[in-house]
Each structure stands twice: as structure tokens, then as C-alpha cells.
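Okay, here's what each chain looks like letter by letter:
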Amino acid sequence: MTEILALDGLVKRFGSRTILDGISLNVSAGEIVCFVGPSGTGKSTLLRCINGLEDIQGGCISFEGQAVQGNPGAIRAVRKRIGMIFQHFNLYPHLTALQNVMLAPVVVHKEPRAEVEARARTLFDKVRLAHRINAYPSEMSGGEQQRVAIARALCTNPHLLMFDEPTSALDPETVGDVLTVMRDLALEGRTMLVVTHEIRFAADVGTRMVFMDQGRIVEQGDPRAMVAGAQTERARKFLGTIHG
Amino acid sequence: MIQYWPLMLKAAGTTLWLSWLAMLLGAFGGTALALLRQIKFAPLRWAVIGYMEFFRSIPILIVLFFVFYGVPLLLEVDISPFVAATLALALHASATMSEVVAAGIASVGRGQWEAAAAAGFSWPQTMRHIIAPQALRVILPPSVGVFITTLKESSLASIIGYIELTRTGLLVRDATGGGFVPLLALGAVYFVINYAISQVGAALERRLHVGRRSDLVGAMA
Amino acid sequence: MGYSFTLRTIYPYFGDLWQSALNTLLLSLLAIVLSIALGALVALMRRSALRPVRVLGAAYVEVMRNTPLLVILYLVYFAAPEAGLRLSSFMAALVGLTLNSAGYMAEILRAGLIAVPPGQFEAAQSQGMSGAQVLRHVVFPQVFRTIYAPLGNQVIAVILASSLATAVALDEVASWMQTVGSSSFRFFETFVVAAVVYLVLCQSVNIARILIGRKLFPQGRRT
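Protein chains in written order, with our numbering: chain A, 1 to 244; chain B, 1 to 221; chain C, 1 to 223.
What the hints contain is simulated information worked out from the structure, not anything from laboratory work.
Just so it is clear, the structure is predicted and the values come from calculations on it, not from any experiment.
Misleading hints may appear alongside valid ones.
Listed below are the simulated DSBU-like cross-link pairs for lysine-lysine, each with C-alpha atoms no more than 35 Å apart in a straight line [stated by the list, open to error]:
id, chain 1, residue 1, chain 2, residue 2
1, A, Lys126, C, Lys215
2, A, Lys80, A, Lys126
3, C, Lys215, A, Lys80
4, A, Lys110, C, Lys215
5, A, Lys110, A, Lys126
6, A, Lys80, A, Lys110
7, B, Lys10, C, Lys215
Calculated from the model, a selection of chain C residues having no Cβ within reach of chain B, i.e. all distances over 10 Å [unchecked claim]:
id, residue
8, Ala37
9, Arg51
10, Leu85
11, Glu122
12, Ala167
13, Gln203
Heads up, the beta-carbon is just placed ideally off N, CA and C, and yes, glycines get one too.
Produce the entire structure from the sequences given, and follow the hints as far as they go.
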């Protein structure tokens with residue numbers, strides 16, 4: 001299996017606080033890696049370091065064999081191949097759903113409009129929002145916005161999808177809609193990194209669960225096995241108290 | 001130039017007095033207008049809105065010219081620069097204040113009116129005991145901005161010959177050989193006064209826990 | 001009352017009015033454009049990572065907000081010869097008006113920038129957009145929506161403030177009123193005419209802003 005991502009001894013500090021304390025991780029194509037753990041332990045920061053939204057103070061990141069640090073050109077090149085979905089959607093409010101999805105392929109990847117539009121419409125069908133193509137974000141519910149955000153990330157044909165707590169800001173009823181879309185993507189064989197509190201989803205859909213605490217990887221392994229009975233005390237405690 | 005400082009300070013006092021008087025009149029006028037707007041009589045509301053739009057669409061300078069030069073001709077009375085300036089500034093301030101006061105009244109929720117009505121309060125009683133105290137918290141901070149604007153506009157009184165701060169500054173400049181340092185000093189005096197007042201306004205805002213109304217940013221005068 | 005309102009008495013002066021109105025318009029337009037540019041610079045200064053630059057920008061805004069325009073005009077008009085510059089009334093008025101308005105423009109632009117949520121920058125960057133692309137496709141449209149109405153109000157404020165150019169001997173509408181009024185003793189008529197000119201100018205800007213706004217922002221008031 002091809003290796004998509006390699007993290008080696010990643011260190012991230014905010015001032016005097018160490019958020020990530022030597023993270024090493026390899027991700028192969030087709031893996032669905034779910035990051036779980038208490039809030040504030042650096043899981044989101046980890047994703048943001050991978051696509052250069054945060055800089056790192058130590059270690060290296062390599063995406064598809066290309067080093068990602070410091071060099072703005074490399075970071076931009078990598079960003080074109082990674083799709084990110086944010087907790088608060090971050091849709092562009094001045095554009096319709098369709099325009100949101102089409103913007104990056106046209107402006108960043110310089111693809112012809114007609115092609116992009118066709119692809120976008122297919123994606124809207126996939127996320128079941130064909131009827132909302134011309135709505136503005138302010139007119140859509142949270143769950144709809146997040147599904148548009150997923151379509152937006154998919155439209156650039158990314159090699160890796162990163163989800164930063166995609167359902168944390170949603171009403172309980174709409175969480176299911178988004179998770180269904182994510183499940184479909186997993187079944188397609190996409191490579192996905194998911195930071196989430198939805199333990200049940202991680203157990204059902206994930207191929208690997210990574211438990212993080214205080215900036216370190218405490219334990220990782222098969223999700224169902226970990227939920228049934230993790231090796232470490234901390235992981236056992238955490239997974240025992242939160243039922244997805 | 002130092003010898004002229006007492007004169008400048010006295011002139012600053014004159015400016016403050018002129019602005020304060022105009023502000024008071026403007027506040028009263030603005031409140032009256034805002035209350036008139038509450039009355040459900042359409043032509044009256046249109047008249048008030050027309051008044052406001054009119055004074056916000058013409059420069060205060062021509063109002064000042066009209067009051068000082070035109071009114072004496074019209075009514076065959078003499079008007080001093082002080083009276084003309086006070087009137088013109090008050091007219092202008094009242095237009096802005098009517099909007100500030102109206103917003104303040106509007107900020108008091110419907111529920112307050114309903115509770116008062118349910119308890120049997122008359123309209124004047126409701127206004128006095130329930131609405132006005134709450135509205136005042138919202139009215140005070142922007143009023144400080146209106147006062148600062150009025151203070152800056154008071155400098156225009158120098159054009160019609162009133163001896164306030166700007167006129168005094170110009171006179172000092174003439175008396176000291178026509179340099180531009182007196183003008184810098186003049187600007188500095190205005191700046192210090194207005195900055196101090198705006199800091200008081202900011203402190204008021206903080207104590208009253210009210211958010212900023214950014215559409216009532218001070219006029220450019 | 002011995003005064004009767006007769007517009008006819010000032011007809012002869014309408015030729016001068018045209019020239020004066022043009023001056024008002026030209027002065028205002030130039031001041032608006034220049035002060036937007038200068039204001040943008042000051043707004044960016046206030047977001048600088050360097051503290052002295054930020055303080056300088058903030059100080060500029062505070063000075064312009066607290067000092068009367070008239071004093072600034074006099075300063076420019078009288079100080080320029082000392083610096084060896086010979087400024088015409090128009091130029092002095094333009095410089096003073098621009099400097100003053102830039103302070104207000106800076107605040108308007110700054111509010112527009114602040115109103116863009118940081119998540120927008122992140123989303124755009126995470127999609128691989130360059131700095132210029134982020135500004136052009138994501139930041140600028142949102143900033144523009146926010147500042148559109150205040151910008152319109154500031155345009156009107158500049159038109160009204162241009163009347164102070166009377167004080168530095170420029171021939172514009174307010175000085176027309178004063179001059180013609182003095183020679184004809186018809187202050188009521190000149191006041192009404194001058195008021196109408198300003199009213200038309202200001203309300204035109206207002207109406208244009210609303211109509212153009214409907215075209216530009218079809219989804220109505222932003223969230």
C-alpha cells in the first residue's frame with residue numbers, strides 16, 4: 001500500500017505551551033484514521049500542521065514523499081491535494097453553494113468552468129443537496145452547510161481528506177446526515193483523517209483509532225478492539241466514559 | 001507665544017460653553033422630535049423624518065450663514081454671532097439626537113410596555129418611570145459623540161466673527177507674526193479637549209455595558 | 001414682514017453657481033478617492049505586526065477624529081508656504097479634506113477587515129489559494145459588503161465637509177451663497193438654492209448606493 005503521509009517527531013508549541021510533543025505517525029492510502037481523546041489535547045492542531053495552517057517547531061511532515069515545512073511553495077502544492085473540512089464549516093458567505101464548491105478548482109487549479117460545474121453537480125447529488133445548489137450559506141442549516149463543505153473539499157480531487165470535528169457544531173438530528181456522507185466516502189476507499197468525538201462512528205468506519213492525550217499518542221490500533229478493551233488505562237477510561 | 005496661553009484657555013472655555021449650550025438645546029429638541037415620531041399620525045412622522053433628512057443632507061455652514069445673515073433680513077432683528085452659532089449648532093445636533101433618542105426608546109423591549117400597560121400605567125407615566133431610565137443607558141454613549149461633533153462644528157462660528165477658540169487662535173497667529181505654530185497649538189487644544197471627552201464617553205459605555213452603534217460615527221466637521 | 005421670497009432676483013448669479021457646484025463636486029470626488037487610498041494604508045498600518053506602526057496608525061485616526069476640519073484646513077493653507085509650497089485654495093482644500101476623511105475611511109475599512117471571520121482565511125488557504133487569491137475571491141467581497149453602507153455615508157460626509165473650503169477662499173457652493181447673498185441681500189433665496197444643490201448631491205449618492213446595492217448584493221442583508 002502506498003504511504004500517503006509520514007509524521008516524524010512532530011513538535012508544536014504555542015509560546016511556552018507544548019501542544020504536540022513528538023508525534024510520529026504513518027498513514028497509507030485507503031486508511032480511515034480516527035483521532036480521539038479529551039478536548040484540547042492537540043488533535044485539531046495536528047491536522048492543521050499537516051496542511052501548514054500552523055507552523056511546527058520540530059520534526060518533519062512528508063506528504064506523498066514531499067516535505068511540508070517552512071517552504072510556502074511546498075505548502076501550497078500540498079494544500080492542492082488535501083481537502084479539509086472544518087468544525088464551523090467556513091463556507092464563503094457571499095457565494096452560493098454551487099459557487100462555493102466551484103471556486104477552488106477554477107481559481108486555484110485553473111480547470112475549465114464547464115468541467116468543474118459538471119463535477120460539482122455530481123457531488124451535490126452525492127451529498128444529497130441537489131436542490132440547494134443556489135442557496136446561500138446563511139439560508140442553510142448546519143448539516144446542509146457541512147455537506148456542502150464536504151462537496152467543496154471533494155471537488156478538487158484530493159488525495160487525502162481531513163475532517164476537524166465535523167459534527168461537533170451540529171444539532172444531534174443532523175449529525176447523522178453528515179456521518180452517512182462520511183461513511184460513503186470511506187467505503188469508496190478514500191484516505192481520511194478524522195478528529196471526532198463520535199466513538200461509535202470511529203469504531204464502525206475507522207480502520208485505525210489513535211488515542212491522544214496531552215500532545216502525545218497514547219495508544220493506537222483497531223478501533224473495535226480498542227473500544228472493547230484498550231491496552232492502556234487512560235484509553236480505557238476515556239473510551240469507557242464516552243459512548244459514541 | 002506663551003503669553004497668549006491664558007487667552008487661549010479662556011477661548012477654550014467659550015467654545016465649551018457654546019458647544020454645551022447648543023448640545024443641551026439639541027438634546028431637548030431631539031428628544032421632542034423623537035417623541036413626536038412615536039405618535040401614530042403619519043403626516044407628523046413624515047414631517048419629523050423630513051426635518052432630519054434635510055439637516056443631514058446640507059452642510060451646517062450654510063445653515064449658519066442663513067441664521068446669521070438671512071434671519072436678520074427676514075425678521076428685521078439683530079442676531080449676534082453667538083446666538084446664530086448656538087441656534088445653528090442646536091438645529092444640527094437636534095437632527096442627530098432625534099435619531100439617537102429614537103433608537104434609545106426603541107431599544108426598550110415591547111415587554112416593558114406591556115407590563116406597564118397591564119399594571120395600569122398611563123403613557124406619560126410609562127415613559128417617565130419605565131422607558132426613559134432604560135433608554136437613557138443606550139442614549140448616553142452616542143450623545144458624547146454628538147457633543148464632540150458639536151464642539152468641532154463650533155469652530156465654524158469663527159467664520160461669522162464669533163471670538164471662540166479658532167478665532168482666538170487665528171488672532172494669536174496674527175499677533176505673533178503669522179507662523180503656523182499657533183495653529184498647531186490650536187489643533188492640540190481641540191485634540192486634548194475632544195480626546196478627553198471621548199475617553200469619558202468610552203468609560204461611560206463600559207460602565208453601562210452597552211455595545212457600540214457604529215452607524216452613528218461622528219460627522220467629519 | 002417686509003421680505004418676499006423671489007427667486008428671480010438671483011437668476012443672474014446662476015452662472016456662477018454652476019462653476020461653484022463643479023468645484024464642490026470635483027473637490028469631493030478627488031478627496032473621496034484619495035482618502036480611500038490613504039485610509040486603506042492607515043487601516044493596514046493598524047494591523048501591522050510592528051507596534052510603532054500600529055500606534056502611528058491609531059494616532060492618525062484619533063487626531064483626525066478630534067481636530068476640527070477647519071483647523072486642519074487652516075494649517076494646510078497657512079503652513080504650506082512655510083514649507084516652500086505654493087498651494088492654491090483648491091489644492092489646500094483637497095489636502096486638508098483628504099487628510100481628514102482618511103481618518104474616517106481607515107476606521108471603516110478596519111471594521112470591514114475585522115468582520116471577516118478567521119475561518120475564512122483558513123478555508124481559503126487550506127484550499128491552496130495564494131495570498132492574492134484569498135484577498136480577491138474571499139476577503140475583498142466580504143469586506144466590501146460590510147463597508148458598503150458606511151462608505152456611502154462617508155461619501156456624503158465629504159460632500160458636506162467640502163463646504164468648509166469657503167474658509168480657504170475656494171469658490172464653491174457655500175461661498176457662492178455667502179457672496180451672492182451679501183451682494184444681493186437675498187440670503188433666503190441663496191440659502192434655499194444652496195440647500196437644494198447639496199440635497200440633490202447627497203440624496204443622489206444615497207439613492208445610487210441603494211440601487212447599486214440591490215444589484216450587487218442580491219441575497220439581501222448579510223448574516
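Ascending list of hint numbers which this structure does not respect = 7, 12, 13
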